[in-house]
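Start from the sequences, fold in the hints, and give me the full structure.
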Amino acid sequence: MASEEVKLIGFWASPYRFRVEWALILKGVEYEYIEEDIFNKSPRLLELNPVYKKIPIFIHNGKVVLESLVILEYIDEIWKNNPLLPQDPYERAMIRFWAKFADDKLVLSAYFAMCSLEDEKVKAEKITIAMEALERIEGELKGKSFFGGESIGYLDLALGWISYWLPVFDEVGSMKIIDPIKFPAIVSWMNRFANHKVIKNKLPPRDKMVIYFQERSKIISATLAKNK
Amino acid sequence: MGDEVVLLDFWPSMFCARTKIALAEKGVSYELKEEDLLGNMKSQMLIELNPALKKVPVLIHNGKPVCESLITVEYIDEIWSDKAPLLPSDPYQRAQAKFWADFIDNKIWSSGLKLWSTKGEILEEAKVEFIESLKLLEGNLGDNKPYFGGETFGFLDIAFISFYAWFYVYETFGSFTIEAHCPKLIEWAKRCLQKESVSKTLPEQLKIYDFVLLVNKIYGRD
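Chains as they are written, first to last, in our numbering: chain A, 28 to 255; chain B, 3 to 224.
Derived from the structure by calculation, the hints contain no laboratory data. Watch out, some of these pointers could steer you wrong.
To give an idea of the interface, some chain A residues facing chain B are shown, with a C-beta separation under 10 Å as derived from the structure [as the list claims (entries may be wrong)]:
1) LYS90
2) VAL92
3) ILE98
4) GLU100
5) PHE124
6) GLU177
7) LYS229
Just so you know, even glycine gets a beta-carbon here, dropped at the ideal spot from N, CA and C.
Okay, here's the thing in structure tokens:
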């Protein structure tokens, strides 16, 4: 194949960037990764994503694709080997629903629970929301090895952050959202996912992550307290 | 043959309108079941079929529920693929349509909501965000194409024309006209309204206004 331009602009600690990178590696696509300092946004970032000014940014032969879940579908449509999405329309609707559900309900509640250093009541509320969301997702595994069945698919990539980032949030926030008694299927999926030969070689360093999220939670907690 | 299609609906919802317009575009017959969400009386069916979110629309196809309006539109396009394609066939165009549809939900819907449910400084800030967001969306309407989808009415057109019924509410509570800021958007809307799938689906703007007055009264915001 003639040399294609495939670039991914991301941030070292962002789970959204990793979703895209895992997809590219699973499909054997050659790409260039470009690190962006999201706390010191470059003119390039502002030019490529003027609407949200966020990463990940995916560039394919000059075309810019934004929003990690949209990028996953784009990648699946362009590189058809190792398909990530099922063919059946109903199954496709289901994985799209659960990916969106987790992004809307689980990510933010877990993250802000971790950041609620000052307010125990808010923290408890967020933990409850996060655990309720996780319970729904636990129900979706239904005895499968992966959400995609026998192999990793779109929903595994979309939920992949649970296997590696959520334990860090639990540690930094002194919480236990991932309760192995309540969520046995998820815990066993987490081990399977994080140990997958592609995934385990493409993860950010855990010790750096803990320090990073400790700093973030202090800053965010202070901001939330100020805005009360 | 014999597809069984049921839609759990709430008549003022712009999200339900999307699903209805998509079904109409495809000529699919369905049974409409109205939810009484104003009285907060969610039906047993809604709670069972969308237990995670308990929200409408819920499209039930041969007994299987599909939730989230944009997901239902994509599902409808994939099932009834023989006519009126809603999503573009090109992967990049599809990604663009999905990005902007998401943008409508993230930016336009949330600031629009504040226009009629808040006052003072919050309202003024929401107005700025709302108008800026509309302008960004309008930027996708080229000079030569009638619809966001290009020559044919499609996914992104459906994602936003469903909001048309709420324009009067936004304009009245926000004290501005959309036309003054985004004339191309109004031209586009009028073009969409000429389609039966749209005109027969959308509730009247004044009915939505009355609904909002009622909601504000219930929540003590009048």
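For each hint, the structure was consulted:
Interface restraint check: LYS90(A) against chain B, minimum CB-CB distance 5 Å, threshold 10 Å, status holds. With its C-beta approaching chain B no nearer than about 5 Å, VAL92(A) sits inside the 10 Å limit, and its interface hint holds. Taking 10 Å as the C-beta contact cut-off toward chain B, the hint placing ILE98(A) at the interface holds, the least distance being around 7 Å. Here the hint on GLU100(A) is kept, as its CB sits about 7 Å from the closest CB of chain B, short of 10 Å.
A cut of 10 Å between beta carbons decides the hint on PHE124(A): the least distance to chain B is about 6 Å, and the hint holds. Hint status for GLU177(A) relative to chain B: violated, with the closest Cβ pair at about 23 Å, above 10 Å. Taking 10 Å as the C-beta cut-off, the interface hint given for LYS229(A) is violated, the closest approach to chain B being about 23 Å.
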